[in-house]
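Please take these sequences and the hints and turn them into a complete structure.
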Amino acid sequence: MSTPTATLTARFAVPHKGALPERATKIAVAGLSFYYGRAQALQNISLEIPERMVMAFIGPSGCGKTTFLRTLNRMNDVIPGTRVEGNVSIDGRDIYAAGADVVELRRKVGMVFQKSNPFPKSIFDNVAYGLKINRLTSSKSELEGRVEEALNDAALWSEVKDRLKSSALGLSGGQQQRLCIARALAIRPEVILMDEPASALDPIATSKIEELIVDLKEQYTIVIVTHNMQQAARVSDLTAFFLLGKLIEVNATEKVFTAPVEKLTEDYITGRFG
Amino acid sequence: MIILSYIAMRGISALSLRFLIDTPHPVGEGGGIGNAIVGSALLLLLSCVVGLPLGISTGVFLSEFGGGHFASVVRFLVDTLTGIPSIVTGVFVYAIVVLRMSHFSAFAGGIALALIMIPIVARTTEEMIKLVPHSLREGALALGAPQWRVTMGVVIPAAASGIATGAMLAIARVSGETAPLLFTSFGSRFFPRNLNEPIASLTVQIYNYAISPYDEWHAQAWAATLVLMTLILSINLVVRFLTRKKF
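The listed protein sequences derive, respectively, from chains A and B.
The opening position of the first sequence corresponds to residue 1 in my numbering, with each subsequent residue numbered one higher.
The opening position of the second sequence corresponds to residue 275 in my numbering, with each subsequent residue numbered one higher.
Please keep in mind that the hints were generated in silico from the structure rather than gathered at the bench.
Some clues are possibly wrong.
[To be verified] If the Cβ cut is set under 10 Å, some of the chain A residues that face chain B in the computed set are:
#1 ARG106
#2 VAL112
#3 LYS115
#4 ASN134
#5 ALA186
Glycine included, each C-beta is placed from N, C-alpha and C at the ideal position.
Here you go:
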């Protein structure tokens with residue numbers, strides 16, 4: 001058998017990204033455990049996510065990557081019977097501290113879901129929703145400007161600019177997902193969490209979303225959960241591998257895919273299980 | 275369909291413009307149901323004013339905050355209320371409102387109808403809101419919306435046409451009620467002047483005419499039935515039109 005490195009580079013076209021720039025830590029997780037009732041879904045996870053980079057979470061179904069993602073903006077709070085132990089801080093502030101403002105947190109940490117979930121409103125109102133409820137704009141023209149900007153950033157403006165008043169549900173699947181990204185971008189978050197944003201999309205729509213992610217990391221810290229290892233290899237700077245609720249390995253994407261430290265990681269990315 | 279066409283057949287002969295606008299006259303002198311149409315409309319309006327907000331808010335409460343002990347008590351009460359025969363509701367309102375005020379009134383009738391509407395509206399609202407996908411709520415929450423804004427701004431609009439259908443069902447149901455009106459709004463032979471006095475209604479009028487021994491009144495009862503059916507049908511159509519899916 002050839003060396004694992006050779007096999008892996010042949011399998012994955014990992015773009016050579018060179019040395020990663022030094023960046024300040026945006027999200028720091030220490031000793032995080034998570035329970036659904038009695039079932040423990042995450043075990044003692046510690047991880048640091050630097051700002052303005054893309055970190056991908058990979059791992060087989062049920063390994064806890066989505067659960068972990070959702071602890072970062074406290075979306076799991078809405079599920080009854082869940083419990084968190086450990087510490088998650090964003091910009092040095094503990095988001096689970098007593099008295100921490102969840103609404104403020106979610107404004108800062110936007111989220112894009114696996115299944116696109118546009119509101120049954122017009123395209124314009126979908127993007128404007130977050131701006132309106134958070135009162136981020138003071139005039140109608142400013143609101144319109146922000147909506148246009150968000151749609152532009154999500155690479156959707158040219159496709160919808162003539163039908164902003166029509167229903168968001170009339171868009172194609174890929175457009176709906178980009179609309180949800182625009183909706184998240186409109187309130188100018190600092191972090192964007194993406195839960196398998198392209199899992200239900202065709203290859204063309206997927207590549208649009210991936211290009212978008214690469215563009216967005218200029219301004220945002222992005223965490224993306226994906227099933228698709230090739231996708232992680234294409235878009236991310238850092239990759240974390242999860243298995244059965246444990247964080248097995250986290251490193252520069254190029255490293256993880258070409259020279260993984262852990263045997264389990266190597267077995268997973270070479271397709272021995274999962 | 276058979277019922278509809280039979281009613282149309284029997285009712286059409288006594289129908290005329292005069293019949294629709296005149297007040298009842300003694301046997302042999304014609305007369306109409308104008309006051310009953312106005313009375314029924316007012317009673318429905320009263321019951322909607324009281325019943326819809328209460329019913330819808332109960333339904334929203336049950337679906338959005340329905341996890342607790344209090345909510346399951348409320349749900350049980352609502353279910354029980356659905357099963358109460360309408361005549362019992364009538365007697366109840368008679369005891370609580372009519373005896374207190376010591377006279378029949380449109381208000382009492384409206385309250386009786388509202389009591390019948392509330393559980394229907396509450397349960398359909400609850401079911402319709404439960405049908406709103408969880409992902410929509412999460413989408414709104416993830417944008418920093420507090421729970422109440424999610425409910426008001428996303429969930430209720432998404433369920434609006436379903437809630438309206440539930441309200442329609444309730445309106446259709448109570449507009450055919452006779453029993454609770456017999457001892458609350460009672461009936462009247464004149465156009466209503468204020469809501470604090472007995473008021474005529476189509477159903478009570480139909481009942482009175484149908485049990486009378488006169489062929490002329492029987493024919494008028496059929497015609498009034500036809501009018502009632504047409505009114506219910508047109509309310510249905512109007513609300514359908516107003517709440518048609520825009521998005």
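Verification of the supplied hints:
1. ARG106: At about 4 Å, which falls below the 10 Å cut-off, the nearest Cβ of chain B leaves the hint on ARG106 of chain A intact, so it holds.
2. VAL112: holds (8 Å)
3. LYS115: Interface hint status for LYS115 of chain A: holds (6 Å vs cutoff 10 Å).
4. ASN134: holds (5 Å)
5. ALA186: holds (8 Å)
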